[in-house]
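Student: Assemble chain B onto chain A, guided by the hints.
One letter stands for each residue in the lines below.
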Amino acid sequence: MATAPLVERPPAPVAEPPAYRPKKGVLSYWRLYAAISPFYLLFLAFGLIPVGFSLYLSFHRWDGLGSMEYAGLSQYRYLLTDTDFWSSIGNTLIIWALATFPMIFLAMITAVMLNSAVRFKNVYRFAYFLPNVTSVVAVAIIFGSVFSTNFGLVNALLQAVGLDQIAWLNTPWGIKVAIATLMTWQWTGYNAIIFLAGLQTIPGELYEAARMDGAGPVQTFFRITLPLMRPVLLFVLVISTVTGLQSFSEPQVLLQSTANESTFSGGPDHAGRTMVLYFFQQTFDNNDFGYGAAVAWGIFLVVVIFSIINWRLVQRRGED
Amino acid sequence: MRLSRRGLLRAGLAGTAATALGGLASGCAVPNGSTGRNMVLWYWSGGLSDTVVKKAKARYDDAVDLDAIQIGGYYRSKLITTMTGQAHVPDIAGLKGEDMASYLPNADQFVDLRTLGAEKLKSQYLDWKWQQGVAPDGSLVGFPIDVGPVVQFYQPAVYEKAGLAHEPKDVSKEMGTWEQFFAAGEQLKKRVRGAFILTDITSVFEMSIGQGTERFVNRDKHFIGDQEHVRVCWDRAVEAKRRGLASSIVTGTPDSISATESGKLPSQLNASWNAGDLKLQYPKTKGRWRVANCPGGPSNVGGSFLAITKACREPEKAFEIITWLLGPDNQAQGFIDAGLFPSTPASYEMRKLRESDPFFGDQITMDVYGPAAEKIPVAFNSPYDVALGQPIRDEIKNVGVLGKNPENAWKDAMSKCRRIADHLGVST
Numbered sequence: 001m002a003t004a005p006l007v008e009r010p011p012a013p014v015a016e017p018p019a020y021r022p023k024k025g026v027l028s029y030w031r032l033y034a035a036i037s038p039f040y041l042l043f044l045a046f047g048l049i050p051v052g053f054s055l056y057l058s059f060h061r062w063d064g065l066g067s068m069e070y071a072g073l074s075q076y077r078y079l080l081t082d083t084d085f086w087s088s089i090g091n092t093l094i095i096w097a098l099a100t101f102p103m104i105f106l107a108m109i110t111a112v113m114l115n116s117a118v119r120f121k122n123v124y125r126f127a128y129f130l131p132n133v134t135s136v137v138a139v140a141i142i143f144g145s146v147f148s149t150n151f152g153l154v155n156a157l158l159q160a161v162g163l164d165q166i167a168w169l170n171t172p173w174g175i176k177v178a179i180a181t182l183m184t185w186q187w188t189g190y191n192a193i194i195f196l197a198g199l200q201t202i203p204g205e206l207y208e209a210a211r212m213d214g215a216g217p218v219q220t221f222f223r224i225t226l227p228l229m230r231p232v233l234l235f236v237l238v239i240s241t242v243t244g245l246q247s248f249s250e251p252q253v254l255l256q257s258t259a260n261e262s263t264f265s266g267g268p269d270h271a272g273r274t275m276v277l278y279f280f281q282q283t284f285d286n287n288d289f290g291y292g293a294a295v296a297w298g299i300f301l302v303v304v305i306f307s308i309i310n311w312r313l314v315q316r317r318g319e320d
Numbered sequence: 001m002r003l004s005r006r007g008l009l010r011a012g013l014a015g016t017a018a019t020a021l022g023g024l025a026s027g028c029a030v031p032n033g034s035t036g037r038n039m040v041l042w043y044w045s046g047g048l049s050d051t052v053v054k055k056a057k058a059r060y061d062d063a064v065d066l067d068a069i070q071i072g073g074y075y076r077s078k079l080i081t082t083m084t085g086q087a088h089v090p091d092i093a094g095l096k097g098e099d100m101a102s103y104l105p106n107a108d109q110f111v112d113l114r115t116l117g118a119e120k121l122k123s124q125y126l127d128w129k130w131q132q133g134v135a136p137d138g139s140l141v142g143f144p145i146d147v148g149p150v151v152q153f154y155q156p157a158v159y160e161k162a163g164l165a166h167e168p169k170d171v172s173k174e175m176g177t178w179e180q181f182f183a184a185g186e187q188l189k190k191r192v193r194g195a196f197i198l199t200d201i202t203s204v205f206e207m208s209i210g211q212g213t214e215r216f217v218n219r220d221k222h223f224i225g226d227q228e229h230v231r232v233c234w235d236r237a238v239e240a241k242r243r244g245l246a247s248s249i250v251t252g253t254p255d256s257i258s259a260t261e262s263g264k265l266p267s268q269l270n271a272s273w274n275a276g277d278l279k280l281q282y283p284k285t286k287g288r289w290r291v292a293n294c295p296g297g298p299s300n301v302g303g304s305f306l307a308i309t310k311a312c313r314e315p316e317k318a319f320e321i322i323t324w325l326l327g328p329d330n331q332a333q334g335f336i337d338a339g340l341f342p343s344t345p346a347s348y349e350m351r352k353l354r355e356s357d358p359f360f361g362d363q364i365t366m367d368v369y370g371p372a373a374e375k376i377p378v379a380f381n382s383p384y385d386v387a388l389g390q391p392i393r394d395e396i397k398n399v400g401v402l403g404k405n406p407e408n409a410w411k412d413a414m415s416k417c418r419r420i421a422d423h424l425g426v427s428t
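Each protein sequence line maps, in turn, to chains A and B. Counting in UniProt numbering, the first sequence runs from 1 upward without gaps. Counting in UniProt numbering, the second sequence runs from 1 upward without gaps.
Hints were generated in silico from the structure; no laboratory data involved. For glycine and all other residues, C-beta sits at the position ideal for the given N, C-alpha and C.
Quick list of the computed label-pair ranges, beta carbon to beta carbon:
id : chain 1 : residue 1 : chain 2 : residue 2 : range
1  : A       : 134       : B       : 346       : 42 to 52 Å
2  : A       : 90        : B       : 407       : 24 to 34 Å
3  : A       : 134       : B       : 73        : 14 to 24 Å
4  : A       : 36        : B       : 85        : 23 to 33 Å
5  : B       : 74        : A       : 119       : 42 to 52 Å
6  : B       : 313       : A       : 42        : 25 to 35 Å
7  : A       : 134       : B       : 74        : 21 to 31 Å
8  : B       : 115       : A       : 33        : 51 to 61 Å
9  : B       : 277       : A       : 227       : 50 to 60 Å
10 : B       : 88        : A       : 131       : 30 to 40 Å
11 : A       : 231       : B       : 407       : 49 to 59 Å
12 : B       : 37        : A       : 90        : 51 to 61 Å
13 : B       : 346       : A       : 300       : 48 to 58 Å
14 : A       : 129       : B       : 374       : 51 to 61 Å
Here are some chain A residues the structure puts well away from chain B; computed CB gaps all over 10 Å:
id : residue
15 : 55
16 : 98
17 : 121
18 : 132
19 : 199
20 : 202
21 : 213
22 : 233
23 : 297
24 : 309
Isolated chain B (complex conformation):
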């Protein structure tokens, strides 16, 4: 096809006009939230059970047109972009657990769920989880989806070989404290050549922090990462290094896969959702795993929320949908479909969650997860926790991997934290 000069000009003009019009259209006639029947729900792949979402669509079909969209990629930045842009904001939005603290200072962008009668449902949910969705001004921003109780995944055959306790009940009891767990690690190392009870020491630090009631920054915006409760966790991780309990293997490489399959890394401290990863990564090890309590007590990693944004025009309807989606029955379904561990203790007693799991040698894993989830301590999660916890995490990694002197590492972490705190307006 030959383009004439006139044709080219016309195409150019049309393009310009389209661009200009497009610009105008996005400037004024924007669907800000729901209009009439439309109700948009944003979540991420695996964030909700697909079965339950489908059922919700059918159930609320007469009242609203529920449009549940899975958002890929970096979820949080996409959500805050639409919220800041005030265009195409979803009515209901999933908020990831690790981002929750950063949404709370902006509670005014969300509907206070207390005004919709959330308090009546409070007793059905884990209290510590409920508290995490509460903003500093007392309003309820997030409605609990799931939690991530930390347990010890282990291979009983290897523990038995090392002369350690190997039945889940015994392991939970005889490795109940960190000291017992470390002692078991030393015995394992002695009896089974090349085996380590820990992949790295960062997990010791991380789980220990989760077992406490304080983190790095308190409610008064004051840095507390230099205090005793953090120092104890730090020293515990350093101790694991000193006693040579951690391997030098990098997670995710063929090394770690091979070592796990051959029983050289027979133990993992991780959240309940890690069961799904184990099944996916090590299908050959089916039946060779068990679940026991995490040494030192329960801890939590991950777990998300649903919130209603200010853009929603029918908050009552949205709240009805949320509470139905996250009722004990549907939470149980979420655990079966997507490994979302329920935040509703009533689900733990349901028969479908008490089935034996062949991957874990027909163990009823709920017996370990359930009680752990109920005993997780409540800790205040500051929006500055990520920024001020990072230098400490980085330095414990340097101690673990590079063998940096722990005292120097602690000093470096603290001086960096003070600088960052000062910059962020956090008092030290």
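Isolated chain A, as found in the complex:
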């Protein structure tokens, strides 16, 4: 065997370009990896390392300046029994629901109307997008005026139709409604534009066929538009979940009070204190960075759970 004739050796691999040699594997693509590496290096430095550090931090006590003290699982044990944390999750979800469902409804109507309107289409699209690019802080200040008790626009409208004034920013439910309205106002136009994009992918023949079969506008909407819009609807739901679970500036600016009080308390009875607001208060008001990190990981878990629910919804659609 060892005496295999040399002449039978395969031809030298001169013809083969070196880059395609299988044994070099991944390394042969180093130039390509190098080309895309800046993002990953920046992500490592400013994304992954801080994330890892916050996990490390959540097992310690730290006031931000002095030395860290190992605390084991005690931060998490406290988190589990912390009624303030649980109520902040509740607040976030209630505000999210109050904002999202009217928003999707309004956005859908707006999109359908935009789709059928003929004139000034671009003007409308621009106008609907505008609330979304306006600074949240500015919007919240305006909404603070709109919802004020004696001279607010909302109460003026209520009184015009013969109803009583409501102390919007002084009652737990009023606060939630005010924040949710702000968010609805901000996101309706944005989602309407996305719905519009979806509507325009539905082939016109389907509508023509429906019309020939004698379907009215309502039937057409529920039998054709809505089923075909389902992926777009899910996308909008996912986006609104992500933004809704992160809401922070809206309650913070809307409910900021005098200098003697914390700006992160979320108003009377903490009705507007969302998860992120609670995280911020614990970390930066109380200088409790360890517990703040634990709260952040708690928020992460909540977001993961919601992502799984969203994912399941999409999966079921795939099975249909």
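Tutor: Chain B in isolation, oriented as in the chain A frame:
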């Protein structure tokens, strides 16, 4: 422009190299504090008088290159980030009064100003303010900038209409105690329709706490927020609610602006620096305000410090700059420029601070602020005060705004405080 594949690769590589180099550079060759002539001072907008800072730059120009930077946003977290990161740490740093207690346990990060001869200057400053800059180990961390004596801002025309005392001297005397102030509030409510002497009851609680010599946590890291001195302040605020002396108006909304302008909220208990806010928010009410003593005695809100960090390589020079910046003359200038109320009693006698103020009907407001600032009691401010005072503040707000039963609110506040204290390692 078309990018070739090679060009793209080259750009990618250059980017990677730059990132890697940048990472390295911030890892080793970091300017840690001053090098040679450079002296960095961090403060926030309105934290020091800009005129005085400019003068200081010119004055110390031969010796150091004083670089005074206004840091925007959330000041404290930016400062502790650089200090923890040990890079680009300022030589001189402003420390806000409300954050002071949280810096003191880490006094080792700052230069002890006693070692630079601070004790010699002590007599020039308000004693209670000086004490607030002293760490538990006795070292002096903060050098006093300003203070915030609390007074009663009020509209004399409305008080007169209600048949109350309306000259500053009379108001100070006849509403000197909380009981007198509440009685005046009842009379105001009766005589002037829709008028309230208090916007909310939280200010009563807050100012009352400031009038005492104890707060929520003592020096031995023991929770004292459940004791008599807090309970008295709590009951006082509840009493104001019971007697219907507070409005249901939310501060900062058009409601509060309109009510203040029309005389429905003719009074505010707030620190001296609130005068600037009044002038800014209610320009139409010029001449319709006066200043009198806060009922129940002086209290303090706000007021800051300057400190020298351990990163500073020339502490003697830095200390010289600080003491010049915060001398009585320049503190007087700070009051004129930025409403920073001087922590140096000598400033109160200066002619430029004794000018009459047309916004306050040509009153010499210093006559009220000055004596109030000197009589503020010394209270120990624990680093845990914010965390353990908050539940009590939240519950008094619930009593005031939502009408929650005061006894239940107190119980809820106490049980929450005990839980938080336990978690923070504060004994109860």
